[in-house]
Amino acid sequence: MSKTYYDPADLRKFGKITEWSEELGNKFFEYYGKVFEEGALSAREKSLIALAVAHTEQCPYCIDAYTKDGLQRGVTKEEMMEAIHVGAAIKSGATLVHGVQMMNKVNKLDG
Amino acid sequence: MTKLKTQSLKKRQSDLANTNKQLEILSNGIFQNGELPKFKDKIAETNQFPLKAKPLEILQINVGYMCNQVCEHCHVDAGPDRKEIMTRETMQQILDVVKTTGAHTLDLTGGAPEMNPNFRWFVEEASKIGVKDFIVRSNLTIIRANKKYYDLPEFFKKHNIHVVSSMPHWTRGKTDKQRGEGVFDMSIKALQELNAVGYGIPGSNLKLDLVYNPSGAFLPGDQAAMEKDFKNALMEDFSIQFHNLFAITNLPISRFLDYLIASENYEDYMYSLVEAYNPMAVENVMCTNTLSVSWDGYLFDCDFNQMLELPVNSKVKHISDYNEELLEGRNIVISQHCYGCTAGAGSSCQGTVA
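Sequence order for the protein chains is A and B. With numbering that gives the first Met the number 0 applied, the first sequence corresponds to residues 0 to 110, in that order. With numbering that gives the first Met the number 0 applied, the second sequence corresponds to residues 0 to 353, in that order.
A hint or two may mislead.
Said to hold, decoys possible - Straight-line distance between alpha carbons at most 27 angstroms, and here's what the computed DSSO-like set of lysine-lysine pairs gives:
(1) B:Lys39 - A:Lys12
(2) B:Lys173 - A:Lys67
(3) B:Lys2 - A:Lys76
(4) B:Lys53 - B:Lys37
(5) B:Lys82 - B:Lys147
(6) B:Lys227 - A:Lys33
Stated by the list, open to error - With beta-carbon atoms standing in for the labels, derived distance ranges:
(7) A:Glu18 - B:Gly328: 41 to 49 angstroms
(8) B:Ile29 - A:Phe13: 13 to 21 angstroms
(9) A:Gly92 - B:Ile260: 40 to 48 angstroms
(10) A:Lys33 - B:Ile29: 30 to 38 angstroms
(11) B:Lys127 - A:Arg11: 49 to 57 angstroms
What the hints assert, rightly or not - For the chain B half of the interface with chain A, some residues (derived, Cβ under 7 angstroms), not all of them:
(12) Phe217
(13) Leu218
(14) Gly220
(15) Asp228
Worth flagging that the hints you see were computed from the coordinates, not collected in a lab. Since we're looking at a predicted model, the values are computed, not measured. From the three backbone atoms N, C-alpha and C, an ideal C-beta is built for every residue, glycine too.
Take these sequences, add in the hints, and give me the full structure.
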């Protein structure tokens, strides 16, 4: 049987992290739950942000979790893909904007 | 025109057309090896076993399994090929019960209830008796399926019927995926016709509610949030209005169970249901105040038990022997499919319960 670092079934065990550090684990899940409550942003908007971040972080557990969460909230696949493009645009933008640093350096060293 | 999505399990001669096979799946595997607790043990943790029937509030009548649609997830395994249809004789027996029952709601379902040849007669007779809330679960497309059904909105209005209709999503793609090509457009047209005669307008006593059930292997989201999204989208795109949205969880039986197994989602789905288990929902689960009557007059705790051929645990088995006092306090028949009604905010034919 092939072994991989990621097992989809491990997502179900996420809550078990509290077993080895109860106070911190509980505080994290309390915070986590609070973050996703309806606030100035709707829970639906937060779900889409989470999905985009899940992709930029390339967390397979988070991708599974927030794809399902989005479906549960009636989010369409087109909305999900647009959210991921937002993440991708920021990722690529963040790479490219550093090009200015490279240009600055080139100009300083060899200008 | 709509295009049928599939065929009934019965027509396909699928193994799952056999209800014993379904019950076997729901009791074996992850529920047998202890990975997940059986429903009975779960409700026992909060001293809620056995579930007992309370005084009857809702009499739900399944007038037949025939339907003009073959939705991918139908728990009835309904379709055009299903010939189980309630006779006028059984309807008369039900009318005799309606005259004496303490139930405040009469709820007609199917299949497409309108396809029963005695549907209109039954509605006329039952409405004469006077029931506080008289529901017909209409799939909407039937209203546009054939000329003989075009006047249904007026017929419903005449008898002050509370129309409850399925609508899996406010977008064409997701609706047609679950219910068949063309279903979305026909449903929109039917909703506009219901609005035109006064159904679903704010303040109108002609009640029009929609039922949302997920199009795949996931649970429904928050009912109030979904209602808001449905209302905004249907108003913006089609100027459609309706009163309430009921978010209903798909129960792992019949064609939805078949889908879960075929798509390798069964175990994850059962985990989702068990993880979302809410003891508060058990308190108000619909089988405790509802009685489901099958097309041939037999009694069940709910429409799902009817489809699993799990009859009421009572001396009274058939509508012809009906006795409300004897049925009250009976132990509800349960299996692992019941997790579908106790997940999250709970689920019933009237939406969330907790």
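Check: Hint by hint, which ones does the structure fall short of?
Finding: Of the numbered hints given earlier, the structure breaks none, since each of them holds.
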